[in-house]
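A.B. asks: These are the residues of each chain, in order.
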Amino acid sequence: MTVGQTEFTDALLNPDLAIPEGLVDYMGRPAGKRFDVYRNNVIVSLIDAMETAFPVIHKLVGDAFFKAMAGVYVRLHPPTSPLLMFYGKELPVFLETFEHTQKLPYLPDVARLELARRDSYHAKDSTAIAPEALANIAPDALMGASFTLSPVMRVLSSPYPILSLWNMNMIADAPKPQPGAEIVLLTRPELDVEMQMIDEPTHVFLSTLTTKSLGDAYEAALGIQDDFDLPKVIGIMLGQKIVTEINT
Amino acid sequence: MSDTNIPKSRTMPNLAGVGYKAQHLDGILKDPTSIGWLEIHAENYMGDGGRPIAQLKHLRDMFPISCHGVGLSIGAEGLLDKDHLARLKHLVSWLNPGLFSEHLAWSTHETNFFNDLLPVPYTQAAVERVVEHINQVHDYIGRQMLLENPSTYCAFEESDMSEIDFLNEVVNRTGCGLLLDVNNVFVSATNQKYAPHSYIDAYPLHHVGEIHLGGHEEDADDHGDTLLIDSHSRQVVDPVWELYEYTLKKSGSRPTLIEWDNDIPSWEILANEARMADKLLADTAQVAAQ
Numbered sequence: 249m250t251v252g253q254t255e256f257t258d259a260l261l262n263p264d265l266a267i268p269e270g271l272v273d274y275m276g277r278p279a280g281k282r283f284d285v286y287r288n289n290v291i292v293s294l295i296d297a298m299e300t301a302f303p304v305i306h307k308l309v310g311d312a313f314f315k316a317m318a319g320v321y322v323r324l325h326p327p328t329s330p331l332l333m334f335y336g337k338e339l340p341v342f343l344e345t346f347e348h349t350q351k352l353p354y355l356p357d358v359a360r361l362e363l364a365r366r367d368s369y370h371a372k373d374s375t376a377i378a379p380e381a382l383a384n385i386a387p388d389a390l391m392g393a394s395f396t397l398s399p400v401m402r403v404l405s406s407p408y409p410i411l412s413l414w415n416m417n418m419i420a421d422a423p424k425p426q427p428g429a430e431i432v433l434l435t436r437p438e439l440d441v442e443m444q445m446i447d448e449p450t451h452v453f454l455s456t457l458t459t460k461s462l463g464d465a466y467e468a469a470l471g472i473q474d475d476f477d478l479p480k481v482i483g484i485m486l487g488q489k490i491v492t493e494i495n496t
Numbered sequence: 049m050s051d052t053n054i055p056k057s058r059t060m061p062n063l064a065g066v067g068y069k070a071q072h073l074d075g076i077l078k079d080p081t082s083i084g085w086l087e088i089h090a091e092n093y094m095g096d097g098g099r100p101i102a103q104l105k106h107l108r109d110m111f112p113i114s115c116h117g118v119g120l121s122i123g124a125e126g127l128l129d130k131d132h133l134a135r136l137k138h139l140v141s142w143l144n145p146g147l148f149s150e151h152l153a154w155s156t157h158e159t160n161f162f163n164d165l166l167p168v169p170y171t172q173a174a175v176e177r178v179v180e181h182i183n184q185v186h187d188y189i190g191r192q193m194l195l196e197n198p199s200t201y202c203a204f205e206e207s208d209m210s211e212i213d214f215l216n217e218v219v220n221r222t223g224c225g226l227l228l229d230v231n232n233v234f235v236s237a238t239n240q241k242y243a244p245h246s247y248i249d250a251y252p253l254h255h256v257g258e259i260h261l262g263g264h265e266e267d268a269d270d271h272g273d274t275l276l277i278d279s280h281s282r283q284v285v286d287p288v289w290e291l292y293e294y295t296l297k298k299s300g301s302r303p304t305l306i307e308w309d310n311d312i313p314s315w316e317i318l319a320n321e322a323r324m325a326d327k328l329l330a331d332t333a334q335v336a337a338q
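Chains A and B supply the protein sequences, listed in that same order.
When the letters of the first sequence are read in order and numbered with our numbering, they come out as residues 249 to 496.
When the letters of the second sequence are read in order and numbered with our numbering, they come out as residues 49 to 338.
Next up, chain A with everything else stripped away, as it sits in the complex (with noise of 0.2 Å):
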């Protein structure tokens, strides 16, 4: 009798399902428990997987919970790459709607943290320009020019204090969450991923600066927050070498 991959992964993935009979042993006697070695291989090495991308989840909910909603999730969600380094994207969605989290809302928002400092940590390597490059454009100029940002730029906005639970988790000693919205911007101006909190003027100059130039920018910021302080703003892009090129 013979096994298609189709049966055979039909079974891999779903334990209630009989072994495909023509899987035997050395014998020619069924399968049994060395077959079970596949299955176990599969989700034991998902669920890792899955360890390794959320770890400030896996602390959050603990070590057995995470086990058993990561064997949910790799059924539901088998990944459908061998780039493994990107698995679990589905997780804060999946979140959102599984029965045992509904209790801690804040769950798929931290795991969008996750997600995002992966991201930025696998993106493409970019050159920032020198800080000097901005002062060598005439003031007017300025003004009018368009900024590329850097592919490993991410912003997160949660309502939920969620850079404070990841540092609270991932950090000695660091503060207690209080109640509240974050927004988060996440840079990697060498290797490391940094993550810092900004403001919602600052989230709505940045996302303005992706498609408008410097000064449709600013003044999206200026109509939330009269005083904005561009010149510390451009401080920290220049910082965190987000700035890949002006074009004036």
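There could be a bad hint or two in this list.
What the hints assert, rightly or not - Among the chain A residues that face chain B by a calculated CB cut under 7 Å, a handful are:
1. His325
2. Thr328
3. Leu439
As the list claims (entries may be wrong) - Calculated lysine-lysine pairs in the DSS-like style (CA-CA distance at most 25 Å, straight line):
4. Lys69(B) - Lys372(A)
5. Lys307(A) - Lys69(B)
6. Lys298(B) - Lys327(B)
7. Lys460(A) - Lys372(A)
8. Lys337(A) - Lys130(B)
9. Lys281(A) - Lys241(B)
10. Lys307(A) - Lys351(A)
11. Lys298(B) - Lys372(A)
If you are wondering where the hints come from, they were derived from the structure by calculation, not from laboratory data.
Cβ atoms here follow ideal geometry from the backbone N, Cα and C, with glycine treated the same way.
With the hints as your guide, set chain B onto chain A.
C.D. replies: Chain B alone, transformed into the frame defined by chain A:
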């Protein structure tokens, strides 16, 4: 593609290497002479940039590198993933590894990737698709691939040829080389109740470009028979060292990798495993010189 059209690998030293883990970087840099070469899992270096690739570019300048794929799914019933082939070609082109290898196994079916090396039945139909896939890899990537023998736990009722006959036909028809995993030989031989030394005796050793050694775990099947599991989670056991020595006497020295991917030990423990392999390699070279 015929044998002569495939560029041969850059020479790799007949020394021990280790599977590269980022946590060992400090230990490696402290004493680079303690190791002859490094092997990387191709899939870990397929991101767009950042630290993993920066590290590998640095290591590439210090050590010969072997590029070991774990996700191409050579034994799949379906077509090879073109996107994955393109990523592999890109990596191989900038890395220029001394060796490039993949597995006699499958891991992708339809749109799903299973992250395990799943078994292939030993039949003519399976030979045909493995040959077709390896020819495709050779044509597309433009270098010789080594094919690794699997660890097997169960068998297929439909199999009607030996693993050795299967490998021989694939090698003869594609011009690929072989990666002989001596631990896999021991695991499969124990699980399928044949003599590991007889397997080595029958194996086409002159096609071997690389040897793997690794640790396994011991379990039992439904009938209480020993069931070994290829876990790469511990030291190489004595019977595998002995089988390795037996192999070297017949094959001569070959680049030999210590694989340790789970429960990763300190650099000192791993480097010591490599030293043990280096000692056996040196003994082999000495005997050959006499």
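A.B. asks: Against each hint, give a clear statement of whether it holds in the structure.
C.D. replies: For each hint, the structure was consulted:
1. Of the supplied interface hints, the one on His325(A) is violated, with its beta-carbon coming no nearer than about 10 Å to a beta-carbon of chain B, more than 7 Å.
2. A hinted interface residue such as Thr328(A) counts as satisfied when its beta carbon comes closer than 7 Å to some beta carbon of chain B; here the least separation is about 5 Å, so the hint holds.
3. Evaluation of the Leu439(A) hint against chain B yields a held restraint, the C-beta minimum of about 4 Å falling below 7 Å.
4. Of the supplied pair hints, the one linking Lys69(B) and Lys372(A) holds, its CA atoms being roughly 22 Å apart against a limit of 25 Å.
5. Restraint check: the Cα-Cα separation between Lys307(A) and Lys69(B) comes to about 24 Å, which is no more than 25 Å; the hinted pair holds.
6. This hinted pair checks out: Lys298(B) and Lys327(B) have alpha carbons roughly 17 Å apart, not beyond 25 Å.
7. This hinted pair checks out: Lys460(A) and Lys372(A) have alpha carbons roughly 23 Å apart, not beyond 25 Å.
8. For a cut-off of 25 Å, the pair hint linking Lys337(A) to Lys130(B) stands: about 22 Å separates their Cα positions.
9. Taking the CA atoms of Lys281(A) and Lys241(B), the gap is near 16 Å; set against the 25 Å cutoff, the hint holds.
10. Restraint check: the Cα-Cα separation between Lys307(A) and Lys351(A) comes to about 16 Å, which is no more than 25 Å; the hinted pair holds.
11. Taking the CA atoms of Lys298(B) and Lys372(A), the gap is near 47 Å; set against the 25 Å cutoff, the hint is violated.
The structure is inconsistent with the numbered hints 1 and 11, although it conforms to all the rest.
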